[in-house]
Amino acid sequence: MSIEIKNISKSYGDLKAVDNISLDVKEGELFGLIGPDGAGKTTIFRILTTLLVADEGSATVAGYDVIDDYISIRNHVGYMPGRFSLYQDLTVEENLKFFATIFGTTIEENYELIKDIYVQIEPFKKRRAGKLSGGMKQKLALSCALIHKPKVLFLDEPTTGVDPVSRKEFWEMLKRLQQKGITILVSTPYMDEAALCDRIALIQDGKILEIDTPQEIITHYPKTIYDISADNMYELIITLNKYEHHYSVYPFGEFVHYTDLRKNFNPNQLQQFLEESGLTNITIQQTETTIEDTFMELART
Amino acid sequence: MKNKNVIQVKNLTKKFGDFTAVDAISFEVKQGEIFGFLGANGAGKTTAMKMLIGISNPSSGDAMVAGFDVLTHPEDVKKSIGYMSQKFALYDDLTVKENIVFYGGIYGLKKKDLKIKTKALLHELGLDDVADELVSSLPLGWKQKLAFSVALLHDPKVIFLDEPTGGVDPITRRQFWEMIYKTAHNGTTVFVTTHYMDEAEYCDRVSIMVDGKIEALDTPKNLKKQFQAASMNDVFLKLARNVE
Numbered sequence: 428m429s430i431e432i433k434n435i436s437k438s439y440g441d442l443k444a445v446d447n448i449s450l451d452v453k454e455g456e457l458f459g460l461i462g463p464d465g466a467g468k469t470t471i472f473r474i475l476t477t478l479l480v481a482d483e484g485s486a487t488v489a490g491y492d493v494i495d496d497y498i499s500i501r502n503h504v505g506y507m508p509g510r511f512s513l514y515q516d517l518t519v520e521e522n523l524k525f526f527a528t529i530f531g532t533t534i535e536e537n538y539e540l541i542k543d544i545y546v547q548i549e550p551f552k553k554r555r556a557g558k559l560s561g562g563m564k565q566k567l568a569l570s571c572a573l574i575h576k577p578k579v580l581f582l583d584e585p586t587t588g589v590d591p592v593s594r595k596e597f598w599e600m601l602k603r604l605q606q607k608g609i610t611i612l613v614s615t616p617y618m619d620e621a622a623l624c625d626r627i628a629l630i631q632d633g634k635i636l637e638i639d640t641p642q643e644i645i646t647h648y649p650k651t652i653y654d655i656s657a658d659n660m661y662e663l664i665i666t667l668n669k670y671e672h673h674y675s676v677y678p679f680g681e682f683v684h685y686t687d688l689r690k691n692f693n694p695n696q697l698q699q700f701l702e703e704s705g706l707t708n709i710t711i712q713q714t715e716t717t718i719e720d721t722f723m724e725l726a727r728t
Numbered sequence: 003m004k005n006k007n008v009i010q011v012k013n014l015t016k017k018f019g020d021f022t023a024v025d026a027i028s029f030e031v032k033q034g035e036i037f038g039f040l041g042a043n044g045a046g047k048t049t050a051m052k053m054l055i056g057i058s059n060p061s062s063g064d065a066m067v068a069g070f071d072v073l074t075h076p077e078d079v080k081k082s083i084g085y086m087s088q089k090f091a092l093y094d095d096l097t098v099k100e101n102i103v104f105y106g107g108i109y110g111l112k113k114k115d116l117k118i119k120t121k122a123l124l125h126e127l128g129l130d131d132v133a134d135e136l137v138s139s140l141p142l143g144w145k146q147k148l149a150f151s152v153a154l155l156h157d158p159k160v161i162f163l164d165e166p167t168g169g170v171d172p173i174t175r176r177q178f179w180e181m182i183y184k185t186a187h188n189g190t191t192v193f194v195t196t197h198y199m200d201e202a203e204y205c206d207r208v209s210i211m212v213d214g215k216i217e218a219l220d221t222p223k224n225l226k227k228q229f230q231a232a233s234m235n236d237v238f239l240k241l242a243r244n245v246e
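Residue numbers (my numbering), protein chains in the order written: chain C, 428 to 728; chain H, 3 to 246.
Since the hints were derived computationally from the structure, they do not count as laboratory data. Be a bit skeptical, because a hint or two may be false.
Each computed SDA-like pair below joins lysine to any residue, with the alpha-carbon atoms no more than 20 angstroms apart [unchecked claim]:
#1 Lys-215(H) to Glu-681(C)
#2 Lys-32(H) to Gly-561(C)
#3 Lys-595(C) to Leu-239(H)
#4 Lys-227(H) to Gly-561(C)
#5 Lys-12(H) to Gln-33(H)
#6 Lys-6(H) to Leu-239(H)
Pair ranges (Cβ atoms, derived) [what the hints assert, rightly or not]:
#7 Leu-478(C) to Thr-74(H): 42 to 52 angstroms
#8 Ser-62(H) to Ile-534(C): 55 to 65 angstroms
#9 Ser-233(H) to Thr-646(C): 21 to 31 angstroms
#10 Asn-447(C) to Asp-134(H): 53 to 63 angstroms
As the structure is a computational prediction, the values presented were derived from the model and not from experiment. Where is the CB? At the ideal position from N, CA and C, for every residue including glycine.
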């Protein structure tokens, strides 16, 4: 096991940020911690990277205990925290050199590992980090987190606030890194990124809702979901919420994801109801469950 | 009233020395429209928005927002719009009620009106019980909903939302959009930027900026046809290739 967490809890005053969490991450796994802001993701990361001490429980990273062997952990992990945390007034090259030196290595020594990533920002190596765009900052931060060839890479919401193109490219980079044998623990509020992980833990309000492969989690979803569309999305949502048999009504882009209370639901009946309510161009079609559907169902109290 | 333009932009440009961040963009937004303003990081979105809300002067070109010229009457623009971003919305160390009263004051609401609106707002959002709690104690989703409502206290013609749902849980995200729908339905224009491509689908029209220019502007339906894409995500990927 690359990461072992046993019954970890952490509170900030009255707020229980992490509530009795246990999970394992296998060596070489790309593991996703999926949940919204305030779920406890950053707190877990800080405990695992030895920046915060838990109130209860124990954890090991790469075989080292987070309390007793914290120095060893710090030598063997790479950490990319939520906000851009590099030195804004050092250049790209200076930042990289700085981190390499701190970890007792050189840029050249492990260059192969970061080459794919670094070549994209190399043309800007004399530019100050603060002047880089969001996507470039990400690439630099990732390079600095890898420069010492860590065994485990911690990425805390690396794609939050980043556009879809950069997000896609970033995950392609992660997959390539995984092939080089690095264990990666990444957190994200983006449910579609969850599908790209080997296994995921869905987390909300400090508690784990479920841990499994994305595919397995989807099969656990109990209901059949229907894609519904009409000319006016707003009217559609209001009308569906008025339908007495509705269980959930959630907009999902151009469709509404609808589930019914009844086991033997007949879409034709619903179609009639919608037509009678004055909606036009109605389509109702069964659709595949996504991680987001599952998350919302699990988080529903 | 849906035909009136509440935002009118013509060849709007912003230069920083040699670098052209916003390159002669032109577009219009109608009253009551939900307008999605998208673009890759570094495309010039934020720079453009800053000009529209009256906090940055254009280098050249024109922009009219809520009836006022952004270059000559930025203060009137600010009084006539609502603004909410994920980075800044409410004061964490004031209570819910104090925030509402504070912003109401800033927007120039009369005491009597403010009192009525505060009560109505607290009730509508279900915040009666936490009115005297510090905003910092609220979950992020509640904060976002409150910030949105506060930005509408003075009944502005248009509200600017800068990535309002970043990091928020999926259920609250949708509740937030239901609030946006309701607001637009009541005639307020909503100008929103987002990185969630499913949210782009909720907009009446969407513009996508690439390298300072607007490379696409149409309804989500037409954009998908134009770019032969199954979703707005695909449209975006096809258009906003990373050119840095």
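Consistency of the hints with the structure:
At most 20 angstroms may separate the alpha-carbon atoms for a hinted pair to count; Lys-215(H) and Glu-681(C) exceed this at roughly 26 angstroms. Only pairs whose Cα atoms come within 20 angstroms are accepted, and Lys-32(H) paired with Gly-561(C) is rejected, the gap being roughly 31 angstroms. The straight-line distance between the Cα atoms of Lys-595(C) and Leu-239(H) is roughly 9 angstroms, inside the 20 angstroms bound, and the hint therefore holds. About 30 angstroms separates the Cα atoms of Lys-227(H) and Gly-561(C), which puts this hinted pair outside 20 angstroms; it is violated.
Our distance criterion of 20 angstroms between C-alpha atoms is met by Lys-12(H) and Gln-33(H), whose separation comes to about 18 angstroms. Straight-line distance between C-alpha atoms of Lys-6(H) and Leu-239(H) comes to about 32 angstroms, which puts the hinted pair past the 20 angstroms bound. In this structure the supplied range 42 to 52 angstroms holds for Leu-478(C) paired with Thr-74(H), their Cβ-Cβ distance being about 51 angstroms. The beta-carbon spacing between Ser-62(H) and Ile-534(C), approximately 43 angstroms, falls outside the hinted interval of 55 to 65 angstroms.
Roughly 24 angstroms separates the CB atoms of Ser-233(H) and Thr-646(C), a value that falls within the hinted 21 to 31 angstroms. Range check, Asn-447(C) to Asp-134(H): about 32 angstroms between beta-carbon atoms, so the 53 to 63 angstroms window is missed.
Against the hints set out earlier in the document, violations occur for numbers 1, 2, 4, 6, 8, 10.
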